[in-house]
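S.K.: Just so you know, the protein sequences line up as chains Y and L, in that order.
Under my numbering, the first residue of the first sequence is numbered 16, with each subsequent residue one higher.
Under my numbering, the first residue of the second sequence is numbered 687, with each subsequent residue one higher.
No lab work stands behind these hints, which were simulated from the structure alone.
It is possible that some hints are incorrect.
[To be verified] The following residues of chain Y were derived to be distant from chain L, with all beta-carbon distances above 10 Å:
no.	residue
1	Asn132
2	Arg137
3	Asp190
4	Gln328
5	Asn394
[Said to hold, decoys possible] So the derived list for chain L, only partly shown, Cβ under 8 Å to chain Y, looks like this:
no.	residue
6	Glu841
7	Lys940
8	Gly1000
All figures in this text were calculated on a predicted structure; none of them were measured in a lab.
Glycine included, each C-beta is placed from N, C-alpha and C at the ideal position.
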Amino acid sequence: MPDVCLYFQVHQPNRLLPYDFFRIGENAAHEDDSLNATILDKVAEKCYLPANAMFQHLIEENHGRFRMALSISGTLIEQMQRFRPDVLESFKNLVASGGVELLAETYYHSLAFVHSNKEFDRQVDMHLQLIEDVFSVRPRVFRNTELIYNDAIAAKAETMGFDGVIAEGVEANLDGQSPNFLYRAPQTARIKTLLRNSRLSDDIGFRFSDPQWSEHPLTARRFADWLAASEGDLVNLFMDYENIGEHQWQETGIFDFWNAMPEATQEAGLQWVTPSEAVDLYRASQAYSCPSLTSWADAERDLSAWMGNVMQQEAIGKIHKLEQKILAVNDPELTHTWAKMQTSDHFYWMATKGGTDGSVHRYFTPYPSPYDAYIYFMNVLADLHIRLRRALAAKGLDSQ
Amino acid sequence: MKRLRVLKLGWEFPPLINGGLGVACLGLSQALAKSVDLTVLVPMGTPGADFKNFSLRGLNHLRLEEIESAEKRYRYQSFALVREIPIFLDPYDDGRSAAVSTCFEKTIRTEETVFSKTTAAQLETFKIGGLYGPDLGAKVIEFSKIAAKLAMLEEFDIIHAHDWMTFLAGVEVKKATGKPLVLHVHALQYDRSGSDDHGWIYEIEKHGMEQADCIIPVSRYTGEIIAKHYGIPGRKIRPVHNGAEPVASFATKKKFPEKLVLFLGRLTSQKGPEFFLETAARVIARDPNVRFVVAGTGEKLRPLIESGAFRGLGSHFHFTGFLDKEKVHDLLSMTDVYCMPSVSEPFGLSALEAAQFGIPAVISKQSGVAEVLKGALLADYWDVELMAKHIHALLTDPTLRATVIEQAKLDIAASTWDAAAAKVIKIYHEIIT
């Protein structure tokens, strides 16, 4: 019987204003504060506050036998500090219960690893520092944005001193093996890779609220039985926190499900572990080779959700290209503004995929179309670039 | 001399405009109305739009009673002469305001046919939807039926119809009243689709021009196309260039330091937006301190955005989407060079507007406005290398820039609607006698 390892991603991006062409050069504020605050309020009421309260209660009620992990992005923590400090308090209380492990990630929830080693380092350090300041803990396990992973990322995480790294369990790479074991990436000595069990994770994350699903309605009892019947050392359930209450509304029974889970798993004889406990408990006996970048997004489980079309490639390439000059100016506020534009969501909204994945992209976007997302992003980028040039000139750093 | 009375048939009219057609119709109407008695008939008029010198009637405000008196007098036959119209005709005369579900295709025989009475449902067509919606064909047919009846109630000497949407109506009015028909050609299906597409719009254009007494294209360029591709004898073709409405131009300082090169127009193949992109790529390769702006929308917007991204021009190539008149003027007030790479442009009013703002233009040789704007640099629409050279020159050579702008000012002074109207009135007098 395997252990169960539960992890949730918690993130909000800083959505941009529909910044039109006439404002390029104005160096006005780019972010849609009003929209970001409104969305945070909505998600807090539907998801963060009730879910935090629920899990805190479950942790206390089960005397620590129920435990889980979260990773909270730097951009969301900032938003909470600005707009909803009470929500941040509720996360702090949850972590203080002792039953929640925090993971490390890039502060800006970005694809920096793919573009700049230096920027990636900077963002991970920033996140570690923030988590330490706000929650007084030091993460041991790393998760890259949207579970983007390959062998190089595992090696990098090991150099940075992490004991574990989480990733999507991609069938092609697993080659018949089960994701329910800890694995070792090639060229690493110590770090262990935890692979998401996508089938069971998506059962709760997506299919749970689908009335057409053969297993609908899913009870905690039945799911606990499935977990108990799974092979391997542990089942990794990795999901977006908003699955509880926001993507899947309370009416679907999702809160009732989670409320019943600790008892159901106890009756089935299952044990909950956090990622670093899993790392300490189990050996990584097999190799998991993942040369190309994988993620938990879309059917392809690669980078195509953010870099699949030319608009995305152009936008993400251009923003990262400014790195050297931005850092040369050495203005924290300018650097921060630039880095916030690396958040993966900006590029996610430019996707032109069709089908089910396309409708998921469209569900999340604040823009009427991916073309609008691209145009407004590029207008803000142009404005930022002008601000950068002015700053370089002011410091006598412009080379021309 | 007694003032001529003219019945003008239009389709789009300010403030309900799509492109240059409505603007040109208004400009010409206002100038003509100084010397002739003008009544303008359009499918949709806006209440409250007050045109001082002429009466504008929108069919969307017409009451059934007004045209009923013409019903008995009118026999409708010429529909038989048009070979193919793949649109459903409604032959029912049952007075029910039924939905379109009762339409079916019907071949018209060549004997005289009494046309159906106009029903309230038919008038309703003009109250709903836009001017260029999926029911465009139906609206064109209804317009020609009702215009013919309305014309029976008016007194006029000449019929003047603007563009293919009104040509059928023009022909019907001519048949009903015997008055001479002048067709004003602002655009041709040839411009939109090339010589391969001889669909029903081409047929209507050709049929109308064959029935007309005179055709007024907006340029010699368009006149040549009419002669060559529609087989119309040259003596019937009398080009009259459009005028430019005087505009209060102004200059504003850009918020960004780069130069601005502007493309303004609908994003369709006809306007050559992909040539603008190619030209931009070449200019930027030489001088990255230029921003290229595409103002407008259309079916080519998305492919253009993607091509621009593909070429790595995303930071220099901007899209504003559709802009209203005020925003267009704001944009013109900060433009350094205007570029019009049209594949086939009957006139190109926007180039004149740019000239009014003191902006030098690089324009396609395949355009009508090239005939009036001597103060402009020309290139074949496909010659992106030359267009890039011209743009670069206008941005870097102040003497050339000043010369072009000066000449354009003189050209503008001569391009007035009054001058155009005078030519049109001369044509009117010739065909009346």
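S.K.: Next step is simple, just say for each hint if it's right about the structure.
M.R.: Here's how the hints hold up against the structure:
1. Asn132: Since the minimum Cβ distance to chain L is about 23 Å, asparagine 132 of chain Y lies beyond 10 Å and the statement holds.
2. Arg137: holds, 23 Å
3. Asp190: holds, 36 Å
4. Gln328: Given that some Cβ of chain L is not farther than 10 Å from that of glutamine 328 of chain Y, nearest at about 7 Å, it is violated.
5. Asn394: Violated: least Cβ distance 7 Å, not greater than 10 Å.
6. Glu841: Since chain Y brings no Cβ nearer than about 50 Å to glutamate 841 of chain L, farther than 8 Å, the hint is violated.
7. Lys940: For lysine 940 of chain L, the interface hint holds, since the closest Cβ of chain Y sits about 7 Å away, which is under 8 Å.
8. Gly1000: holds, 4 Å
Violated hints for the displayed structure, listed by number in ascending order: 4, 5 and 6.
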